Each structure stands twice: as structure tokens, then as C-alpha cells.
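Protein sequence lines, in the order shown, are assigned to chains A and B. Note that our numbering gives residue 167 to position 167 of the first sequence, counting from 1, and the numbers run on in steps of one. When you read off a place in the second sequence, starting at 1, and then add 1000, the result is the number in our numbering.
Simulated from the structure, these hints should not be mistaken for laboratory data. Small disclaimer: the values here were computed from a predicted structure and weren't measured. Some hints could be false.
Below, computed lysine to any residue pairings styled on SDA-like, alpha-carbon distance capped at 25 Å [said to hold, decoys possible]:
(1) A/Lys-25 - B/Leu-1077
(2) A/Lys-25 - B/Pro-1281
(3) B/Lys-1025 - A/Pro-260
(4) A/Lys-25 - B/Cys-1084
(5) B/Lys-1025 - A/Leu-77
(6) A/Lys-25 - A/Ala-133
(7) A/Lys-25 - B/Lys-1269
(8) A/Lys-25 - B/Ser-1159
(9) B/Lys-1025 - A/Cys-157
(10) B/Lys-1025 - A/Lys-25
(11) A/Lys-25 - B/Glu-1008
(12) B/Lys-1025 - A/Glu-165
(13) A/Lys-25 - B/Thr-1005
(14) B/Lys-1025 - A/Asp-162
(15) A/Lys-25 - B/Arg-1232
(16) A/Lys-25 - B/Phe-1085
(17) B/Lys-1025 - A/Trp-155
(18) B/Lys-1025 - A/Asp-86
(19) B/Lys-1025 - A/Val-137
(20) A/Lys-25 - B/Gly-1164
(21) B/Lys-1025 - A/Pro-233
(22) A/Lys-25 - B/Glu-1158
(23) B/Lys-1025 - B/Ala-1003
(24) A/Lys-25 - A/Gln-103
(25) B/Lys-1025 - A/Gly-93
(26) A/Lys-25 - B/Asp-1162
(27) B/Lys-1025 - A/Ser-238
(28) B/Lys-1269 - B/Arg-1032
(29) B/Lys-1025 - B/Ile-1042
(30) B/Lys-1025 - A/Glu-8
(31) A/Lys-25 - B/Pro-1233
(32) A/Lys-269 - B/Asp-1162
(33) A/Lys-25 - B/Asn-1087
FRET-style restraints, in silico, Cβ to Cβ [as the list claims (entries may be wrong)]:
(34) A/Ala-22 - B/Ala-1229: 26 to 36 Å
(35) A/Gly-231 - B/Gly-1055: 28 to 38 Å
(36) A/Ala-22 - B/Arg-1009: 33 to 43 Å
(37) B/Ala-1100 - A/Asp-267: 27 to 37 Å
(38) B/Arg-1009 - A/Ser-126: 51 to 61 Å
The beta carbon of each residue, even a glycine, is placed where N, CA and C say it ideally should be.
Protein chains: 2
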Amino acid sequence: MDAVTRIERTLSASLDRVDTTAGPKLLAAAMRHAVFPRGARIRPRLCLAVAEACGGDDPAAANGAAAAIEFMHCASLIHDDLPCFDNADTRRGRPSVHRAFGQPLAVLAGDALIVLSFQTIAWGASASPARLASLIVAMAQATGLPSGIAAGQAWECESSIDLGEYQRAKTGALFAAATVLGAAASGAEPEQWRTLGERLGEAYQVADDIADVLSGQADLGKPTGQDLALGRPNAALSMGVDGAMRHLERLAAAAAESIPPCPGAADLKALTLGEARRLLPKDLSQRAA
Amino acid sequence: MDAVTRIERTLSASLDRVDTTAGPKLLAAAMRHAVFPRGARIRPRLCLAVAEACGGDDPAAANGAAAAIEFMHCASLIHDDLPCFDNADTRRGRPSVHRAFGQPLAVLAGDALIVLSFQTIAWGASASPARLASLIVAMAQATGLPSGIAAGQAWECESSIDLGEYQRAKTGALFAAATVLGAAASGAEPEQWRTLGERLGEAYQVADDIADVLSGQADLGKPTGQDLALGRPNAALSMGVDGAMRHLERLAAAAAESIPPCPGAADLKALTLGEARRLLPKDLSQRAA
């Protein structure tokens, strides 16, 4: 079964398991609205790729970890879109959750997806209980204080911002979780996989910066071109688009180099470089190909 | 060490562990504002009492479970107080989190406390990895879809409300989690402890209803007397205060009767009846004594 099929089936199965006749229907609908139809699923695909490269001896644990990362990502998008943060009307070309269901259900859908994320890890790892603690703790590190995605978003509320911590937490943490949880799900030593996720997270941020600057040419299904308008840091503004593309290629190379010795190292290295190229807007990826 | 000391130390230790110099200070401060100074800590005390009654062979696992339940309770209070829900300016006699820190940090503090709850369970159970999955899944059941506290709050967004499901989920679920997780932390069969938590949760709801009706005489540190004004269901309005008190006593007796055979059954039974009496406002508990 290919990675995307495994991810979509696990996401659906987890949601089906909690969306029963006993529960409130609108909350379940709001959660599904945030999770489907699918986006790029870049983080769960990375998680499964690492789990496979490490031997993939417990596919259910890997599926659970990958789905959990996507649930957490969707939860963070719901809350980031709220009026008190980005006040975004659209997401992936459709109404944001609070526009479609109202703010109360948007807050609760985010909460319930955070919960479902941890629940999905526990369900997936039922055959590997010894791996569960490291999976839960790694997910918590990627999402809470001091360096998870909630902490990353909270830097925007500080009067003085640590830009490195901000980007590592807000964007990098879930990419690092993807590689760390993928390794942990297959019983590998998780921390030696962190660098791969961190470098890919940085590459993703640079690709996002390039897309923002080129927003007149791109159709990303969300408001773009805002970094300049809002005075936000942007690698393509500070380095120029070509400089940012070279930086992205260096990050992808560093990511590929960081892959620890494992059964599937060569395949994963090729995949890493290919995925980094896919991050770029289509016209630029042809220039880089 | 007494139960309250164990709870306060575990809450502090967990917060200290994530509140490092690397993280954003205001988010950590908002989380601490929600957790300290302490409220009644009724749910974590119940959790520890059940863990002790079941033999208490892993105090660290029990402490982690108890603190996790309190973190989750505090998270739900932060989000329930938000302007899009109860729009409460005060909580426990102090400004609510969004009044003290603003809505963005209130949303994120709730999120980060949900995460810290699961993390604290995993830390606590490090010596009992075989118990971890049931602890994580029971906490998720108490908080997400279809019957956890987020689902309970979401019933308020439905056009047609299932009143029984609403109250079981919104108030009962975390009480049930307290007894179920307390048993699981000590290696006992968790589900046979669910009835005790559910009956105590109902008793708590009835006590809250009585307090609401008597709000002119009570000082609870939060707005009261609102059920009549807002047309909300209230046992003391439908049964009268004396009828509601008799109902509460029946619920406490049913809770005490439900306690499964265990080393500490007699002590726990006495504690259960005493705690139910403590739920009442002071003048009423003297009438009932």
C-alpha cells in the first residue's frame, strides 16, 4: 500500500472511531472539514518514509504516528486561522473552520484534534507498548512548551522575539516530530533523526518565503504576499529569490547528509532531495530541475 | 506525603520542566496563572484516593495521572471562559486568562496544557510502561469525541441537545477519568471504577446547581445565579433545593456502593461520603451534617 493511502486510511479510521452517534455532530464535521480533503500531507509522508527506512517492523505504529502528526498540524491551522491570530477566511481554497462552523466549534475542533492525535499514537502502538512513551513525549515536545508549535505561535505575543526559536518552533518542530516519531515507531534511536526533520523544516520555511514573494504568480489557496506588507522576516526578501533557492538546496543537501545509517538510507536520501524540489512553486522547480 | 502536597509538587515539577529559558515567557506565565493558586483540586484528589485504594504500587504513575487531570481541567476552564463561549471576566476570584493575557495566549495556554497533560502521564508512568496505553486512551476518552469535555462543550453548538450526554460529557467525563486513571495507574482493571467517578460527577453537578440557585448567599469567585436567567437546566430549580440535596445524597450513596473490592475500600467509602458533603455550600453542609 502506498504512503498516501496508508495515511488517508489511518486518518479516516481514527475519526470514524470517535465520530459515533453518541457525540455532537457539528464538532465531528468541523474536525473532518479541517482534515479532508487532503493537503500535501508532507509531514506524515516524511514520518512513514523514515519509519520504512528504519526497517518498518510495526506498520501500525508508524501509521498512527504519521496520522497523529497530521491531526496536530490540522489542529494548529484551525487555531492559527482564528480571528485573534491570522483572522484567515480561507484555508486550502475553502472557508477556514471558524468561517464555516463559527469560533466556538473552531476552538473545540482544534482541542479535540490535539486529543485525537495522542489517542491515535496510543492506538497505533498497541503491539509495541515499549515504544509508546517515547512517541508521546516526542509529540508533546513538538507541540507544547518550550519549543513546540504552540510555543512558536506564542512568540508572536512577546515584546522581544527570538527569531531562531520562533521559526524552529513554529515550522521546524512538526517536521522534527515527523522524523523522530517515524524512527521511534520502528524502534530506532529517535534523536539521531532530529536533524533530518529540522533541516527539511527550514527548507519548507524558505520555500514558503519564496512562494510569498512570488505570490502574484502562484495559486496556493491562501492569502500570500503578506510578509513584505506586514514586515515579517522572509528569506527570499533578505537573500533575493535566487539566493533563497540556493539556500534551500543547501538545506536539502544537509538534510540528506544527516540521514543515519539504516536499511533504507539510499532511497530516503533520493526521496529527501526530490521532496525538497517539490516544495518550490512549479515554475521554479523546473528552473531547479 | 498528603495528597494535596503530592498534587501541587507534581503540577509544579511538570510546569518547571517545560518552562525553560528557551521558551516564550508569557505563554508559560499564562499557563501558571490558570493552574495556580490552587482551586479545590477535587478531581486529582479523587484520582490519588482511588490509586491508593487499589494498592498504590506506583505513586509516580498516580501523581502523573492526577496532575494530568488537573492540567486538562484548567485547560478546559481557559477555553470555556473565552469571549466566544462564556465570556467570563473572572475565575476563582481573579481575572480569567484571556482578561489577564489576551485571547491569543489564552487559546495557546489551553492548547499547551492539553499537551502537557498527556506529557505528564507519560513522564509519570515511566516505571510502568505497560500501563501507559490505557492511561493515554482513558484521558483521550474523557476529553475528545464522542463523550469527553470538548464534546460536552460542543453540545451547546447543536440545534438539538441531548441533555444527558451533555452533562455526562461536560461535567462527568473528567470525574470518570479521575477514578479510571487512578485505578489504571495502580494496575487495577480501570473500567470497573468508572461508575464511582460518574456518580460523583453527577453529585458535583447537582451541588453546582444548588450553589447557583443560592448564589445570593454564596461567594464562589465566579458569576452565579445565571441558570434561571439563561434558561439552563438546573436540578435545584426543577426539584427545589431540598429535593436536590436529597438527590445529591442518593448519588453519593450510589457512588460509595459502586466501589469495587480493593485493599482500601472502607477508607475510600468514608472519603466519598465526606467529599460529597463538602461539595455543598457551607451553610447547607451544616444542615446536612
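Against the structure, the hints come out as follows:
1. A/Lys-25 - B/Leu-1077: holds, 23 Å
2. A/Lys-25 - B/Pro-1281: Since the Cα atoms of A/Lys-25 and B/Pro-1281 sit roughly 36 Å apart, the hinted pair is violated (cutoff 25 Å).
3. B/Lys-1025 - A/Pro-260: violated, 35 Å
4. A/Lys-25 - B/Cys-1084: Holds - the C-alpha atoms of B/Cys-1084 and A/Lys-25 are around 19 Å apart, at most 25 Å.
5. B/Lys-1025 - A/Leu-77: This hinted pair holds, its Cα atoms lying about 23 Å apart.
6. A/Lys-25 - A/Ala-133: Distance of about 32 Å is beyond 25 Å: violated.
7. A/Lys-25 - B/Lys-1269: This hinted pair is violated, its Cα atoms lying about 38 Å apart.
8. A/Lys-25 - B/Ser-1159: Given pair A/Lys-25, B/Ser-1159 holds - Cα atoms ~10 Å apart, limit 25 Å.
9. B/Lys-1025 - A/Cys-157: Holds, at roughly 10 Å.
10. B/Lys-1025 - A/Lys-25: With a Cα-Cα distance of about 38 Å, the restraint between B/Lys-1025 and A/Lys-25 is violated, given a limit of 25 Å.
11. A/Lys-25 - B/Glu-1008: Given pair A/Lys-25, B/Glu-1008 is violated - Cα atoms ~37 Å apart, limit 25 Å.
12. B/Lys-1025 - A/Glu-165: With a Cα-Cα distance of about 13 Å, the restraint between B/Lys-1025 and A/Glu-165 holds, given a limit of 25 Å.
13. A/Lys-25 - B/Thr-1005: Violated: A/Lys-25 and B/Thr-1005 sit about 41 Å apart, past 25 Å.
14. B/Lys-1025 - A/Asp-162: holds, 11 Å
15. A/Lys-25 - B/Arg-1232: Cα-Cα ~21 Å, so holds.
16. A/Lys-25 - B/Phe-1085: holds, 18 Å
17. B/Lys-1025 - A/Trp-155: It holds: about 9 Å lies between the C-alpha atoms, which stays within 25 Å.
18. B/Lys-1025 - A/Asp-86: Holds: B/Lys-1025 and A/Asp-86 sit about 21 Å apart, inside 25 Å.
19. B/Lys-1025 - A/Val-137: Answer holds: B/Lys-1025 to A/Val-137 is near 21 Å, not above 25 Å.
20. A/Lys-25 - B/Gly-1164: Given that 25 Å is the threshold and the Cα spacing comes to 16 Å, the pair holds.
21. B/Lys-1025 - A/Pro-233: Since the Cα atoms of B/Lys-1025 and A/Pro-233 sit roughly 21 Å apart, the hinted pair holds (cutoff 25 Å).
22. A/Lys-25 - B/Glu-1158: holds, 8 Å
23. B/Lys-1025 - B/Ala-1003: The given pair, whose Cα atoms are some 30 Å apart, is violated under the 25 Å limit.
24. A/Lys-25 - A/Gln-103: holds, 16 Å
25. B/Lys-1025 - A/Gly-93: Judged against 25 Å, a Cα distance of about 35 Å means the pair is violated.
26. A/Lys-25 - B/Asp-1162: holds, 11 Å
27. B/Lys-1025 - A/Ser-238: Measuring from Cα to Cα gives roughly 28 Å; hence the hint is violated.
28. B/Lys-1269 - B/Arg-1032: The hint is violated at about 33 Å.
29. B/Lys-1025 - B/Ile-1042: violated, 29 Å
30. B/Lys-1025 - A/Glu-8: violated, 37 Å
31. A/Lys-25 - B/Pro-1233: holds, 21 Å
32. A/Lys-269 - B/Asp-1162: Violated: A/Lys-269 and B/Asp-1162 sit about 53 Å apart, past 25 Å.
33. A/Lys-25 - B/Asn-1087: Roughly 24 Å between the alpha carbons, so the hint for A/Lys-25 and B/Asn-1087 holds.
34. A/Ala-22 - B/Ala-1229: 26 to 36 Å: holds, 30 Å
35. A/Gly-231 - B/Gly-1055: 28 to 38 Å: violated, 60 Å
36. A/Ala-22 - B/Arg-1009: 33 to 43 Å: holds, 37 Å
37. B/Ala-1100 - A/Asp-267: 27 to 37 Å: violated, 52 Å
38. B/Arg-1009 - A/Ser-126: 51 to 61 Å: Violated, since B/Arg-1009 and A/Ser-126 (Cβ atoms, about 32 Å apart) do not stay within the stated range.
Hints 2, 3, 6, 7, 10, 11, 13, 23, 25, 27, 28, 29, 30, 32, 35, 37, 38 from the earlier list are contradicted by this structure; the remaining hints agree with it.
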